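Protein chains in written order, with numbering that gives the first Met the number 0: chain A, 0 to 300; chain B, 0 to 300.
Keep in mind the hints are simulated off the structure, nothing from the lab.
Since this is a predicted model, take the numbers as computed values, not measurements.
Any given hint might turn out to be false.
Heads up, the list lumps identical chains together, so a pair's fine if it works in one copy or across two of them.
Listed next, the in silico EDC-like pairs over lysine to aspartate or glutamate satisfying Cα-Cα at most 20 Å (straight line) [to be verified]: (1) 46 x 15; (2) 104 x 94; (3) 101 x 117; (4) 104 x 117; (5) 151 x 24; (6) 104 x 241; (7) 104 x 115.
Here's the letter readout for the chains.
2 protein chains.
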Amino acid sequence: MKLTILGCHSATPRWDAHPTAQVLEVKGHLFLIDCGEGTQVQLRRCKVKFARIKHIFISHLHGDHFFGLIGLISTFRLLGRDADLHVYGPKGIKEAIVLQLKLGKSWTNFSLFFHELDSKEPQLLFDDDKVSVTTIPLKHRIYTNGFLFREKPNERKLDINAVREANVSMTYYNKIKQGHDVLNEAGRLIKNEAVTFNPEPSKSYAFCSDTMYAPEIIPQIKNVTLLYHEATFLEEHAHLCELTMHSTAKQAASIASEASVKTLLLGHYSGRYGNYEFFRREAQTVFENVALAEDGKSFDI
Amino acid sequence: MKLTILGCHSATPRWDAHPTAQVLEVKGHLFLIDCGEGTQVQLRRCKVKFARIKHIFISHLHGDHFFGLIGLISTFRLLGRDADLHVYGPKGIKEAIVLQLKLGKSWTNFSLFFHELDSKEPQLLFDDDKVSVTTIPLKHRIYTNGFLFREKPNERKLDINAVREANVSMTYYNKIKQGHDVLNEAGRLIKNEAVTFNPEPSKSYAFCSDTMYAPEIIPQIKNVTLLYHEATFLEEHAHLCELTMHSTAKQAASIASEASVKTLLLGHYSGRYGNYEFFRREAQTVFENVALAEDGKSFDI
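I would like the entire structure built from these sequences, with the hints used as guidance.
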């Protein structure tokens, strides 16, 4: 898994501070998460191939998370895209996009599928043999979901010496990697553990923006490899969190700690703070392993 | 009059090529003309004070001319604007903006007036004692207007020596500047020309994008000081102009020549050309005084 931050600032775009958008690369998929104004330019700057994006997940319909979507879809059209595009987002997203395409008489040549969300329970949005994507219901001023990306368990690794010694036919190798016991050439049962190593642990990424402190998400994001949690404010402005339904860095760290995640990634900083290191320092009073999102930066998960 | 080009490229935004948006400063007004994605960032880059923008003119509802409008309006809201905002644009623009504000539950605190256009004849949109703005109906794939900005005639200049010599009371000076003849202290009629100089010639700016070659606009833009005319293609791609309803540099120059404008400003270049000097060279085969629009560049008119 590789996460690229296209933008990680709250509110209005500035030349040096882009609103929320991220690209997650996982097992051959390239998922776009949120799409603030200017995302298509950030994608170009980060050299992401537009054609590889087939699924776009929009957390909520505030401008700093979705005003770039119509421009990106229009650009796909101008580039002659023919691959299907799936957009997952709150109810209403289809009307907003389709109306603007209609006004410009600019229908796409490719199939555009909208998966509109209104459930307040976690919902499975995407599932194949490699990865699943589930909503994480968040608490914000309008209907908002985070997204949980989970790799499927990796195959067990063949212990090639052990398997040869056990005299197992090569035709069983795939079955063994999938975890099955098999019979060897002599008809004897070979236990899987005897001829395999444990697989690489599968990774998971939870994206949680925008939200106020919402401990009810903890069971769902328990033990994830990387948690991106918004930290719009520092504790000195905690009163603004209640008003705007955002979180402080310390609250994000508290969620990370309770959920025993491996790493916490902070972002969605309010423009009022000059130095984002303050966010890390505040979070580290509660949880050790904290990273700071930064426009254009990539993280290997 | 001072024109600042925020963006002058066609189609999709790139980090070094912004879609159409311009700011025209004229007699204390700051008019925004078109508003492609990323316009709010370009406004910041060019140090334009957001609060000074009270009138926005949108030529047509293709994305590269209006996808930045919703973000700009949202930012006005976040900045606590309270001044009225007037938006002039094709029918449908109100629905697109209002729907997106509604989905985000982000109503503006200031009054937002939409002036929706559907006439195919020139329409007076704005008129005060300093300046008027009129639509220029253009020919494009969807309903499109250019805009003609005209300063009102400037006041005549007082010839202070002549007016004293003629023994005219100072209470008449304003009347004289407005062009009236007056009576002097002795009751003798003083002809206006005898005590004034001609005023500064008033300036005019015609914005024409996007359009195919449309000679029917010539009477309306006759003798304007500056004509911005789109030049998406060079003559070698003239066949694409018919298909996409755009113009070549040579066609733009032919309009400028027929309309006897003072200066022609080219823009809306297709991304396929590396060197925009080709546009100037081609236009200059027909019309001498050609300038090239460039993102971030200002022109005194």
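Here's how the hints hold up against the structure:
1. 46 x 15: Result: close both inside a copy and across copies, 18 Å intra and 14 Å inter.
2. 104 x 94: both (15 Å within a copy, 15 Å between copies)
3. 101 x 117: between (25 Å within a copy, 16 Å between copies)
4. 104 x 117: between (29 Å within a copy, 16 Å between copies)
5. 151 x 24: within (14 Å within a copy, 59 Å between copies)
6. 104 x 241: between (42 Å within a copy, 17 Å between copies)
7. 104 x 115: So residue 104 and residue 115 pass the 20 Å test across copies only (18 Å; inside, 23 Å).
In summary, the structure agrees with every hint in the numbered list given earlier.
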